[in-house]
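Visitor: Chains as they are written, first to last, in the numbering used here: chain S, 169 to 691; chain A, 3 to 296; chain P, 2 to 309.
The reader is advised that the hints may include incorrect statements.
[Stated by the list, open to error] Covered, in the sense of this in silico footprint (three residues per stretch, anywhere, with C-beta under 8 Å from a C-beta of chain P), are these stretches of chain S: (1) 296-309; (2) 371-383; (3) 410-421; (4) 566-579.
No lab work stands behind these hints: they were computed from the structure.
Positions of the beta carbon are idealized from the N, C-alpha and C atoms, including for glycine.
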Amino acid sequence: MTFNGKCNFGKNYNSRSRKANLKRGVGVVTALSLMALSSVAQAGGKLTVAQVRDPGSWDPIDTFTLAWGSVASNLFDGLVYRGPDLKLVPGLATSWEFLDNESRIRFKLREGVQFHNGEPFNAEAVKFTFERLLGDEGAKGPQRSNYTSIEQIKIVDDYTVDFIMKRPDPVLITKLAGYGAMIVPPKYTAKMGEEFNLKPVGTGPFKFTSYTPSVKITFEKFEDHWRGAPKLDELVYRFIPEASTRMAELQSGGVDVIYKVPLGSLSVFDTHDNIELAPVASPTIDSLRLKTTEGALTSDIRVRKALNMAIDRNAIIESLLGGQGKPISSLQGAGSFGYDASLETYEYDPKKAKALLAEAGVKPGTKMTIDYRSADSDFREVALAITSYLRMVGLEVKINPVENSVMSKDVIPNGKTHEMYQFGWGGWTFDFDNTAYLLYHSGERYNPYIKSAKMDALLEKQRLTYDRELREEALQEVARMAHEQALDIPLYNLNTVYGISSRVKNFEPAPDDRLFFLNTSVE
Amino acid sequence: MSLSEENIILPEAAKKKRSLAKYWSFELLFGAFLTCSLGVLVLCSGLLFPDGGEAIDLRARLMEPFVSWQHILGTDSLGRDILARVITGGKISYLVGVASTLGALVLGTLVGLVAGYYRGFWDVLLMRFADIQLALPFILLAITVMAIAGPGLDRVIGLMIISQWVQYARLVRSGVLSLREREFVQAARSYGLPDAKIIFGHILPNTLGPIIILMTLNVANNILLESSLTFLGLGVDPQIPSWGGMLADGRNYVQVAWWIMVFPGLAIMLTVLGLNLMGDWLRDHLDPLGQTAK
Amino acid sequence: MPIAKFAIQRLLQAVFVVFVVTIFVAFAIRLTGDPAIMLVQESSNVTEADLERIRAAMGLNKPFLVQYKDFILGFFNGDMGTSFFRGPVSNLVAVALPATLALAVASMVVSMLISIPLGIRAALHKGGLSDQIIRIGSLVGLSFPNFWLGLMLMMVFSIKIPIFNSSGYEGPASIVLPAVTIGIILTATNVRLVRTAMLETLGAQYIMVARSKGLRERIVVYKHALRNSAITIVTYMGLQFGNLVGGLVVVEMVFNWPGMGSLALDAIYQRDYPVLQASITLLALMIVAVNFTVDLVYGLLDPRIRVE
Numbered sequence: 169m170t171f172n173g174k175c176n177f178g179k180n181y182n183s184r185s186r187k188a189n190l191k192r193g194v195g196v197v198t199a200l201s202l203m204a205l206s207s208v209a210q211a212g213g214k215l216t217v218a219q220v221r222d223p224g225s226w227d228p229i230d231t232f233t234l235a236w237g238s239v240a241s242n243l244f245d246g247l248v249y250r251g252p253d254l255k256l257v258p259g260l261a262t263s264w265e266f267l268d269n270e271s272r273i274r275f276k277l278r279e280g281v282q283f284h285n286g287e288p289f290n291a292e293a294v295k296f297t298f299e300r301l302l303g304d305e306g307a308k309g310p311q312r313s314n315y316t317s318i319e320q321i322k323i324v325d326d327y328t329v330d331f332i333m334k335r336p337d338p339v340l341i342t343k344l345a346g347y348g349a350m351i352v353p354p355k356y357t358a359k360m361g362e363e364f365n366l367k368p369v370g371t372g373p374f375k376f377t378s379y380t381p382s383v384k385i386t387f388e389k390f391e392d393h394w395r396g397a398p399k400l401d402e403l404v405y406r407f408i409p410e411a412s413t414r415m416a417e418l419q420s421g422g423v424d425v426i427y428k429v430p431l432g433s434l435s436v437f438d439t440h441d442n443i444e445l446a447p448v449a450s451p452t453i454d455s456l457r458l459k460t461t462e463g464a465l466t467s468d469i470r471v472r473k474a475l476n477m478a479i480d481r482n483a484i485i486e487s488l489l490g491g492q493g494k495p496i497s498s499l500q501g502a503g504s505f506g507y508d509a510s511l512e513t514y515e516y517d518p519k520k521a522k523a524l525l526a527e528a529g530v531k532p533g534t535k536m537t538i539d540y541r542s543a544d545s546d547f548r549e550v551a552l553a554i555t556s557y558l559r560m561v562g563l564e565v566k567i568n569p570v571e572n573s574v575m576s577k578d579v580i581p582n583g584k585t586h587e588m589y590q591f592g593w594g595g596w597t598f599d600f601d602n603t604a605y606l607l608y609h610s611g612e613r614y615n616p617y618i619k620s621a622k623m624d625a626l627l628e629k630q631r632l633t634y635d636r637e638l639r640e641e642a643l644q645e646v647a648r649m650a651h652e653q654a655l656d657i658p659l660y661n662l663n664t665v666y667g668i669s670s671r672v673k674n675f676e677p678a679p680d681d682r683l684f685f686l687n688t689s690v691e
Numbered sequence: 003m004s005l006s007e008e009n010i011i012l013p014e015a016a017k018k019k020r021s022l023a024k025y026w027s028f029e030l031l032f033g034a035f036l037t038c039s040l041g042v043l044v045l046c047s048g049l050l051f052p053d054g055g056e057a058i059d060l061r062a063r064l065m066e067p068f069v070s071w072q073h074i075l076g077t078d079s080l081g082r083d084i085l086a087r088v089i090t091g092g093k094i095s096y097l098v099g100v101a102s103t104l105g106a107l108v109l110g111t112l113v114g115l116v117a118g119y120y121r122g123f124w125d126v127l128l129m130r131f132a133d134i135q136l137a138l139p140f141i142l143l144a145i146t147v148m149a150i151a152g153p154g155l156d157r158v159i160g161l162m163i164i165s166q167w168v169q170y171a172r173l174v175r176s177g178v179l180s181l182r183e184r185e186f187v188q189a190a191r192s193y194g195l196p197d198a199k200i201i202f203g204h205i206l207p208n209t210l211g212p213i214i215i216l217m218t219l220n221v222a223n224n225i226l227l228e229s230s231l232t233f234l235g236l237g238v239d240p241q242i243p244s245w246g247g248m249l250a251d252g253r254n255y256v257q258v259a260w261w262i263m264v265f266p267g268l269a270i271m272l273t274v275l276g277l278n279l280m281g282d283w284l285r286d287h288l289d290p291l292g293q294t295a296k
Numbered sequence: 002m003p004i005a006k007f008a009i010q011r012l013l014q015a016v017f018v019v020f021v022v023t024i025f026v027a028f029a030i031r032l033t034g035d036p037a038i039m040l041v042q043e044s045s046n047v048t049e050a051d052l053e054r055i056r057a058a059m060g061l062n063k064p065f066l067v068q069y070k071d072f073i074l075g076f077f078n079g080d081m082g083t084s085f086f087r088g089p090v091s092n093l094v095a096v097a098l099p100a101t102l103a104l105a106v107a108s109m110v111v112s113m114l115i116s117i118p119l120g121i122r123a124a125l126h127k128g129g130l131s132d133q134i135i136r137i138g139s140l141v142g143l144s145f146p147n148f149w150l151g152l153m154l155m156m157v158f159s160i161k162i163p164i165f166n167s168s169g170y171e172g173p174a175s176i177v178l179p180a181v182t183i184g185i186i187l188t189a190t191n192v193r194l195v196r197t198a199m200l201e202t203l204g205a206q207y208i209m210v211a212r213s214k215g216l217r218e219r220i221v222v223y224k225h226a227l228r229n230s231a232i233t234i235v236t237y238m239g240l241q242f243g244n245l246v247g248g249l250v251v252v253e254m255v256f257n258w259p260g261m262g263s264l265a266l267d268a269i270y271q272r273d274y275p276v277l278q279a280s281i282t283l284l285a286l287m288i289v290a291v292n293f294t295v296d297l298v299y300g301l302l303d304p305r306i307r308v309e
């Protein structure tokens with residue numbers, strides 16, 4: 169169960185792996201076959217995708233998993249669309265403009281769009297969607313809190329709405345492209361109540377047909393989709409939590425696309441001509457955060473820097489992670505807004521690390537502990553490798569498994585961690601604000617240790633403006649401060665690797681873990 | 003199946019009684035050989051592999067077995083020696099198997115004796131406890147408990163004791179029930195012997211056979227349970243090598259490096275097989291009534 | 002004690018057992034974490050007030066006993082409640098329960114297909130070489146860690162030699178591997194059971210009579226002896242079934258089988274109280290029902306047990 173939202177940053181295809189290069193062609197192939205297909209325009213057929221988990225509820229206001237985005241992006245549309253290239257382009261809205269000193273955003277809506285059940289899409293649907301999200305119904309779910317900057321929705325005419333803002337929200341337009349902001353049909357949704365969860369209706373290219381909990385969800389093509397009908401006749405998602413089982417299914421032809429090929433097993437597919445691997449930078453980063461409070465060994469900046477220098481990130485990525493990742497210097501990947509390319513990862517330098525530890529008075533043989541989430545066996549491997557690097561600089565480090573929800577609910581918020589604790593994070597919005605605020609602003613749930621008035625001020629300031637330059641500067645400043653103080657041990661930003669059967673044409677995995685099958689076809 | 007060829011079953015069986023003893027012994031010998039030889043290896047693991055196979059060497063990772071003398075059974079994804087880890091990892095399995103069985107034995111025997119001998123209120127109460135135990139699916143209980151407490155050796159052993167004392171309690175209780183009314187116990191009672199003396203002097207020795215069998219089988223079973231729990235990440239500390247932990251580590255590599263999963267799996271299988279063979283033999287010899295039929 | 006009174010007494014005890022199990026589970030799961038946190042852990046904008054609202058919607062701000070009462074009354078009125086994350090629990094159970102029962106039945110069938118012929122052969126050759134081989138062979142089956150055996154079978158029979166589906170719930174072929182995995186493990190017990198039962202019947206007088214009448218051995222064995230052993234075999238297998246249903250978790254996980262075990266496991270990981278409570282209650286009811294039936298049958302057969 170990975171934690172959190174992943175988002176991704178650009179397509180940093182990692183050119184280190186052989187396979188990666190092969191797959192890198194996918195984008196190009198896509199474009200070519202797109203042309204080919206549009207002339208032939210038949211294809212059809214059924215595509216089966218293996219997802220890791222069953223989100224369990226299909227209502228946009230109830231969702232909290234990336235798995236939801238991977239499935240439901242084919243079912244719903246937002247006012248804004250963000251595809252695999254991560255550019256924000258018009259979706260159900262054709263344009264938007266900021267009015268009244270940025271306190272009002274006016275959206276022009278696309279005309280002639282229909283929901284799967286025949287209801288028309290119009291201003292009423294937008295108003296209904298957001299009032300539901302911000303009202304009692306939304307209050308029961310996790311999505312509402314992402315959209316509370318909206319004060320109210322005003323209908324100007326049938327195809328124009330105004331969002332009246334309570335306060336500036338620089339990430340709002342991005343957030344309108346996914347999850348809670350997906351537009352739902354007013355009459356149907358009101359009629360179905362809770363049952364909408366299980367029989368969702370949207371405007372997307374695929375129309376819901378059936379759902380068997382924990383097993384699969386099936387879709388058929390929606391002929392009247394506003395961007396044109398999809399090529400596939402049928403789209404099926406199966407839920408397969410075990411990575412080795414997903415691989416077996418792909419190899420035996422049970423599924424066509426699998427999500428998250430285990431990085432240790434990529435070489436299995438070297439011998440499969442009919443399976444391609446498509447790596448795409450994921451939104452999440454992995455790190456060890458540090459206990460910086462008085463009394464902890466890691467309260468000494470020299471110790472924190474030494475830890476950062478003692479770990480050979482590249483070697484870990486090359487060996488354990490199939491080369492599918494990049495070392496990071498702050499808790500974000502290269503695709504994140506707020507990323508600063510000039511900020512360099514601490515160089516692997518065990519000698520210097522040893523010297524720093526000696527200087528800080530840490531004797532060889534000193535014991536430390538890394539807390540990690542017990543269900544995350546992939547990270548455990550990395551944590552073990554880290555302990556061996558730390559042993560080389562004289563530290564005896566133990567790893568300590570903590571159950572997932574105990575970690576989120578108790579250990580981190582209440583500051584009960586050991587010196588180092590696992591933290592994997594990222595948001596599908598690709599905006600460092602999400603990560604930085606939660607991890608560095610004092611008093612936040614996931615920030616038990618760090619109290620910095622300067623960081624607080626920077627983080628608050630950037631939240632209240634649409635000025636991208638100012639925001640970027642502030643976020644980069646926060647990242648730089650964290651780096652200089654060595655508040656964390658940023659490790660790497662991994663690729664998500666998709667396994668794709670060669671019968672699938674025209675599929676490009678998006679870096680934000682969402683999948684879009686509008687143009688995809690199968691042979 | 004050509005049954006008609008051998009249609010003289012009963013006389014044949016009777017005749018074979020003697021040769022039978024020989025085969026049973028083979029079962030026992032083979033079982034004892036497996037258990038003891040693996041047991042000795044595991045006990046000596048500290049001498050054989052002083053570092054316990056924990057040395058991580060990313061340059062020597064995923065080496066195939068039977069290629070290098072240094073790593074006869076190959077290495078895992080972190081470059082650790084599989085042979086050393088399999089043998090060292092056995093310590094945890096044996097420890098969990100034996101400790102939890104002894105714990106369950108003590109608790110279950112006490113409960114069973116009290117319930118069977120005094121009957122009445124205590125019997126009903128204790129046996130309902132037993133029923134509750136039997137109605138709780140163990141793995142789910144274990145996961146819930148581990149979620150609260152976090153993984154750890156002591157907790158695994160505790161959980162197994164909790165899940166298994168019932169079997170001893172039931173066995174002892176039914177032994178006591180059937181013996182209680184027998185003449186020698188009645189006689190002892192009529193002589194005014196104290197309860198404790200009757201229980202420990204007369205009743206307990208008579209239920210010993212089935213208990214020994216159950217213990218053998220439970221050690222085997224607990225080794226399997228421990229590996230399942232650790233495989234799920236809910237067993238012992240993952241930094242201690244254990245068979246279940248090795249299997250969990252090898253899961254994602256099963257197609258790239260079969261040896262990471264195959265050797266610890268075989269180690270579990272052979273250990274458990276040895277115990278099961280002995281248990282089976284014991285059952286034939288100590289438990290003619292089939293009280294421990296599983 | 003008359004059988005009716007005995008039955009009522011056992012029934013009351015069974016009710017007590019279910020009560021204790023459900024209240025224990027309801028209590029224990031509430032010690033383990035906050036489902037509201039699970040729901041929002043990805044979101045950085047959540048305030049304590051949001052969490053409070055979500056908890057209220059989940060019904061978590063009521064006193065524990067009220068929550069428990071609501072659950073139990075609902076459950077026995079046919080309303081299993083609503084999952085925190087996945088809609089009505091009854092929808093989930095409607096998939097999981099048949100899946101688990103199907104797997105349990107299929108495993109028993111596999112096990113019987115192996116153990117009945119083997120058990121008979123072992124009984125007929127009691128003490129002979131084939132008896133030994135069968136017994137030791139079936140013990141080998143019992144000695145595998147089930148998830149390991151499952152993964153190995155999957156590697157061989159769905160990847161190296163692609164005959165069966167490796168996972169999922171996609172038609173009859175997908176049940177083969179998990180059922181064989183569990184079937185092999187049950188076989189050791191069942192071979193012994195069949196062997197013992199057959200030895201008993203084969204020694205009985207009517208078998209002697211049948212033999213002396215010159216009936217063909219095959220008929221004696223399969224028609225008379227096996228049929229008469231069937232009651233014992235079925236009774237024991239019934240007991241096995243109860244335990245099996247709760248014990249499939251790890252194999253279900255390996256084969257991605259959407260049964261009750263997987264459902265409960267997911268619920269524990271997600272802190273989905275309603276789903277966990279409903280699934281454990283169902284499993285407990287099934288096991289208790291089997292135990293109750295067995296108690297009752299024994300009580301009927303052996304009046305001494307009824308004496309208190």
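Visitor: If a hint holds in the structure, say so; if it doesn't, say that too.
Guide: A quick look at each hint next to the structure:
| no. | hint | result |
| --- | --- | --- |
| 1 | 296-309 | holds (count 3) |
| 2 | 371-383 | holds (count 4) |
| 3 | 410-421 | holds (count 8) |
| 4 | 566-579 | holds (count 7) |
In terms of the numbered hints stated before, the structure departs from none.
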